[in-house]
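Visitor: Sequence:
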Amino acid sequence: STARTREMVSSLPLPDACAGYLQVQAPVMGNALLQVTPFSSLTSPSQLCGLAERCVGVESVRSLLTSLQERRDDLVALLPKDVAQEAVDRFFQAEEVVASQLRSFVLMNAARDVWEVPDV
Numbered sequence: 005s006t007a008r009t010r011e012m013v014s015s016l017p018l019p020d021a022c023a024g025y026l027q028v029q030a031p032v033m034g035n036a037l038l039q040v041t042p043f044s045s046l047t048s049p050s051q052l053c054g055l056a057e058r059c060v061g062v063e064s065v066r067s068l069l070t071s072l073q074e075r076r077d078d079l080v081a082l083l084p085k086d087v088a089q090e091a092v093d094r095f096f097q098a099e100e101v102v103a104s105q106l107r108s109f110v111l112m113n114a115a116r117d118v119w120e121v122p123d124v
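Mapping the sequence shown onto the numbering used here, position 61 (from 1) lands on 65, and the numbers just tick up by one.
No wet-lab data here; the hints were simulated from the structure. Some clues are possibly wrong.
Stated by the list, open to error - Taking CB as the label site, the calculated pair distances span: (1) Arg-94 to Ala-23: 36 to 44 Å; (2) Asp-78 to Leu-38: 24 to 32 Å; (3) Val-101 to Val-28: 30 to 38 Å.
If you're wondering where the values come from, they're calculated on a predicted model, not measured in any experiment. Even for Gly, the Cβ is constructed at its ideal location relative to N, Cα and C.
Start from the sequences, fold in the hints, and give me the full structure.
Guide: This is the structure:
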């Protein structure tokens, strides 16, 4: 469940090297990863309402999925043999749909935000 996943991630100790990147002092726990900080560029007309950041985000999801697909055989090998192929196929089918929907949603909203800004 989502609550269990959040709880598990929150309790993970992160390497001290993450502290500087997250702009906090070590030791750092996983709950730092669950805190979403707003980007001012998402509402800034001069930066096209964060269009670049939005594009990078959705294309990063696509890139990650492609990288995982390249490792499909390794993923299958990690799972019990009687369910491995079916589970991996189901995972990739579902994630393809999610990645496509995410891309459409993010870019549609970025276009709407840029369109609605009178200065652009």
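Visitor: With reference to the structure, classify each hint as holding or not holding.
Guide: Structure-based check of each hint:
1. Checked against the hint of 36 to 44 Å, the C-beta distance between Arg-94 and Ala-23 comes to roughly 38 Å, which is consistent with it.
2. A hinted range of 24 to 32 Å holds for the C-beta pair Asp-78 and Leu-38, which are about 28 Å apart.
3. Under the hint 30 to 38 Å, the C-beta atoms of Val-101 and Val-28, about 36 Å apart, fit the expected range.
Checked against the numbered hints given earlier, this structure breaks none of them.
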